[in-house]
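Put the two chains together into one complex; each comes in its own frame, and the hints tell you how they fit.
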Amino acid sequence: GEDVEQSLFLSVREGDSSVINCTYTDSSSTYLYWYKQEPGAGLQLLTYIFSNMDMKQDQRLTVLLNKKDKHLSLRIADTQTGDSAIYFCAEEGAGSYQLTFGKGTKLSVIP
Amino acid sequence: EPEVTQTPSHQVTQMGQEVILRCVPISNHLYFYWYRQILGQKVEFLVSFYNNEISEKSEIFDDQFSVERPDGSNFTLKIRSTKLEDSAMYFCASRASFGQGKADTQYFGPGTRLTVL
Numbered sequence: 001g002e003d004v005e006q007s008l009f010l011s012v013r014e015g016d017s018s019v020i021n022c023t024y025t026d027s028s029s030t031y032l033y034w035y036k037q038e039p040g041a042g043l044q045l046l047t048y049i050f051s052n053m054d055m056k057q058d059q060r061l062t063v064l065l066n067k068k069d070k071h072l073s074l075r076i077a078d079t080q081t082g083d084s085a086i087y088f089c090a091e092e093g094a095g096s097y098q099l100t101f102g103k104g105t106k107l108s109v110i111p
Numbered sequence: 001e002p003e004v005t006q007t008p009s010h011q012v013t014q015m016g017q018e019v020i021l022r023c024v025p026i027s028n029h030l031y032f033y034w035y036r037q038i039l040g041q042k043v044e045f046l047v048s049f050y051n052n053e054i055s056e057k058s059e060i061f062d063d064q065f066s067v068e069r070p071d072g073s074n075f076t077l078k079i080r081s082t083k084l085e086d087s088a089m090y091f092c093a094s095r096a097s098f099g100q101g102k103a104d105t106q107y108f109g110p111g112t113r114l115t116v117l
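From first to last, the protein sequence lines stand for chains R and Y. Sequential numbering of the first sequence, starting at 1, is according to this note's numbering. Sequential numbering of the second sequence, starting at 1, is according to this note's numbering.
The shape of chain Y in the complex, shown without the other chains (with noise of 0.2 Å):
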């Protein structure tokens, strides 16, 4: 069964540094989407993308962050200047398509462990 992959599966940075999560969506998907859960708290969404823009993104997806689909297969979470804060396990997910009377669903990937020293 197709899945959606992430890389790496743990990454630890110093406060301050630059970091990219990596995630490789089912292949027929055309919706991307980024959420975080910070330890013990709720999944949240941070952003969506499809035809390679931003759709939707919430308040915590700030300058600091960006998305790119710089090829056929990858989909990036860059964080610029990495806050403590930003310690989370960060989940991407993928999508068919949206609507047409029909749940077409998310599908997570295993998340990237991000440990912010």
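Only chain R is shown next, with the shape it has when bound in the complex (with noise of 0.2 Å):
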């Protein structure tokens, strides 16, 4: 089946940029997404990006997408304590209807 692949854990000093990488399988994939869940909260989507673009940025948040590679990753501009949280990756295959997710990446944001 599908798979998502994450890092597990991230940490980064208050005010750097964080990273979060993906890489996927499904080479179908039409819709990737983030999506961020706080202790305890659901899943609150951040962003997505359609396959067929490269780049999309949103505020602090900047998608980066090598569909030749498969890979998916995230940016956060100075990032802040409230950053912190666990990021979940997931892709949409064409024509599901299911979100295949990674296990997600912790990212702890140190003062």
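Think of the hints as simulated: they come from the structure by calculation, not from any bench. Mixed in with the good hints there might be a few duds.
Claimed, not checked - Cross-link-like lysine-lysine pairs, in silico, BS3-like; alpha carbons within 27 Å at most: (1) R:K68 - Y:K42; (2) R:K56 - Y:K42; (3) R:K103 - R:K36; (4) R:K70 - Y:K42; (5) R:K36 - R:K56; (6) Y:K42 - R:K67.
Said to hold, decoys possible - The calculated label-pair distances, taken between Cβ atoms and stated as ranges, are: (7) Y:V12 - R:N52: 41 to 49 Å; (8) R:D69 - Y:S97: 27 to 35 Å; (9) Y:Q11 - R:L45: 20 to 28 Å.
Claimed, not checked - To give a feel for the contact side, a few chain Y residues facing chain R, derived at Cβ under 8 Å: (10) Y31; (11) Q41; (12) K42; (13) V43; (14) F45; (15) S48; (16) S55; (17) E56; (18) F91; (19) T105; (20) Q106; (21) Y107; (22) F108; (23) G109; (24) P110; (25) G111.
Bear in mind the structure is a predicted one, so any value in this text is a computation, not a measurement. Glycine included, C-beta positions come from ideal geometry on N, C-alpha and C.
And the structure:
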């Protein structure tokens, strides 16, 4: 089946940039998503990118997509302590109703 | 901003008991989903529902599971005879439409934590 992989942990200092990486296997992926999960909370959609795009910027967030390598990244500029959370990469295949999630990257921001 | 709601936030049950998890999707949405997340693991797709029938389901969604949209607002997940391994966070999601060249994303509820003893 399809798979999405992420590194499990990332630690950055407040004010630095964070880069969270994700790889996926489904070559028919149409949309790729980043969700944020704070402790005890649900999944908050942060941003998404369509597969025919290379980059998308949304305020402090920049998503880069390398479709050839099936690699997706999320860059958070000027990382704040409130950005501490688990970040999930998810992909949606063509004609599929379901999202396939990675295990999530736990971002810890050091003051 | 409209949001998906779920009740209860936490459900504790004995093994073998039936549980019903409830969700109220966003009002104009047409597609509904259940996912689950076992502690420390990936969020896993269970089932999708459209036009009053199941569109797609995963291997996890066996005969012990069922979904229903009993009225115009609620979307429920029933587990007939719970097992210890059903302990997880269950997320409901809804989506306005599908495809047509733009991302109509899935909006997730806050989840119901199910604990089976």
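Run the structure past the numbered hints and jot down the numbers of the failing ones, going up. none
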